[in-house]
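Q: With our numbering applied, the sequence shown corresponds to residues 299 to 709, in that order.
Hints should not be assumed to be uniformly reliable.
[Claimed, not checked] Simulated restraints on C-beta separations:
(1) 427 / 389: 21 to 31 Å
(2) 629 / 513: 45 to 55 Å
(3) 626 / 459: 47 to 57 Å
(4) 688 / 423: 49 to 59 Å
(5) 424 / 395: 46 to 56 Å
(6) 389 / 500: 35 to 45 Å
Read the hints as simulated data drawn from the structure, not as lab findings. The C-beta atom is built at its ideal place from N, Cα and C for all residues, glycine as well.
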Amino acid sequence: MKRFILAALLLPWLLFSCTPKQEGFKIKGMKGYGWTPEICLEEIPTLKEFGLNFFAPCYSSFFAENSVEVFEELNGYNLWWEPLSDDLKTRWAKVVDVCDQNDIIFCFGMNPMLYSPRPLDPSKEEDFEALLAKYRWFQEQGVEWFYIAIDDLHLQSHLEIDAIGQSAFTNKLYAALKQNDPKCKMIFCPTWYRGKDLKVPKKRAYLEQLATSLDKDIFVFWVGEYTVSPEISVEDVLRYKEVVKHEMILWDNYPVNDYHNTMNVAPLTGREAGISEVLYGMMANPMRDNLMTRLPLYTMADFMNNPYTYNPELSMAAAIERYAENLAQEEIFEELIKFYSSNLQHGIRTTKFFPVRNEFERLLGEDKVAAAAYAASLQELYESMCREFPDRYNLTKAIVRKDVEWMKAQL
Numbered sequence: 299m300k301r302f303i304l305a306a307l308l309l310p311w312l313l314f315s316c317t318p319k320q321e322g323f324k325i326k327g328m329k330g331y332g333w334t335p336e337i338c339l340e341e342i343p344t345l346k347e348f349g350l351n352f353f354a355p356c357y358s359s360f361f362a363e364n365s366v367e368v369f370e371e372l373n374g375y376n377l378w379w380e381p382l383s384d385d386l387k388t389r390w391a392k393v394v395d396v397c398d399q400n401d402i403i404f405c406f407g408m409n410p411m412l413y414s415p416r417p418l419d420p421s422k423e424e425d426f427e428a429l430l431a432k433y434r435w436f437q438e439q440g441v442e443w444f445y446i447a448i449d450d451l452h453l454q455s456h457l458e459i460d461a462i463g464q465s466a467f468t469n470k471l472y473a474a475l476k477q478n479d480p481k482c483k484m485i486f487c488p489t490w491y492r493g494k495d496l497k498v499p500k501k502r503a504y505l506e507q508l509a510t511s512l513d514k515d516i517f518v519f520w521v522g523e524y525t526v527s528p529e530i531s532v533e534d535v536l537r538y539k540e541v542v543k544h545e546m547i548l549w550d551n552y553p554v555n556d557y558h559n560t561m562n563v564a565p566l567t568g569r570e571a572g573i574s575e576v577l578y579g580m581m582a583n584p585m586r587d588n589l590m591t592r593l594p595l596y597t598m599a600d601f602m603n604n605p606y607t608y609n610p611e612l613s614m615a616a617a618i619e620r621y622a623e624n625l626a627q628e629e630i631f632e633e634l635i636k637f638y639s640s641n642l643q644h645g646i647r648t649t650k651f652f653p654v655r656n657e658f659e660r661l662l663g664e665d666k667v668a669a670a671a672y673a674a675s676l677q678e679l680y681e682s683m684c685r686e687f688p689d690r691y692n693l694t695k696a697i698v699r700k701d702v703e704w705m706k707a708q709l
């Protein structure tokens, strides 16, 4: 009898000791999207409000100013070797300072090869010194986290994809920064950053070389199985991690719309709660409209903070309640989500997903009257947004307006 009593007393302890410890994401944050320092300043209080702790402006924020209005015009604007102007130094120093005031880790990084008229040559010392100067300046402002992105080099055929050379350069940059601050951290975004790349022998070989040549203390960015991953599981993480052999941070390509005339406004879906235990961190990739990004970002932050209790529908309802000032605005947000749901919910693996135009074309093929009614509904939504949000969501309104104009042209 005593043995049964002892077993009953020990059972809760045994269950606890056998349960995996749920430390969760250490890094919970967001990437900027070609944003100016002023837009970054708008979003830092939001990150804190949402319980996030990390902000890494996109490297395109450091391209030639005003060069990121149109995606097709990016090529040639990455002047990575040019020093920051005194004006930009003042503006970015303020961003770093406000992050610090709000307990947000600021992470600086660049891609010195993509869309550049003079891609970095890892073998040239003058190129290394030019890039290091920018990292050093941010380090002097108190920045401790850095990244270097060598992603998407395949988009420009003249760029060499060399894992060993990339690793050697990144290791050298990291070592130089550690001389000034042994506590500093570095994240590397590889050229092949998707799980599906493991299935291609040449890409897998690149990642295997990276595993052995990149400094073991450097973190690696990863986006899931696909550029946009409708689902991300623990198995997906471990499969990639087994090859790359570094701590990983999920660079989640949601709700980003790149430079396409579309949006992803619905809540985050498809992420297994357990990834919080096998990834070091998770970052959202926002839409161009930083204000509208706050709706889906609220749900992403909810997942990052509470992965095991996260409920997409309840989280989005809370987000709408937070940002709608009246019933009319609530209805606008709800209608936006119906029209511009998300690529995740439709199983789409790219940012080139146009739910509004797809639905219109389907209706037009079946019933022109129904298609016209659909266009009229979107027109009504646009007018409601202009009325209820005269000074907000301008980029979102522009997307809706262009879709309405496109539909009218088809009709």
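Q: Run every hint past the structure and note whether it holds.
A: Status of each hint after checking the structure:
One distance hint, 21 to 31 Å for the beta-carbon pair residue 427 and residue 389, holds here, with the actual separation near 24 Å. Under the hint 45 to 55 Å, the C-beta atoms of residue 629 and residue 513, about 52 Å apart, fit the expected range. At about 52 Å, the beta-carbon gap between residue 626 and residue 459 stays in the expected band of 47 to 57 Å. The supplied range of 49 to 59 Å is met by residue 688 and residue 423, whose beta-carbon atoms lie about 54 Å from each other.
Evaluation of the 46 to 56 Å hint for residue 424 and residue 395 yields a failure: the beta carbon distance comes to about 31 Å. In this structure the supplied range 35 to 45 Å holds for residue 389 paired with residue 500, their Cβ-Cβ distance being about 42 Å.
Comparing the model with each earlier hint shows a violation of hint 5 alone; every other hint is respected.
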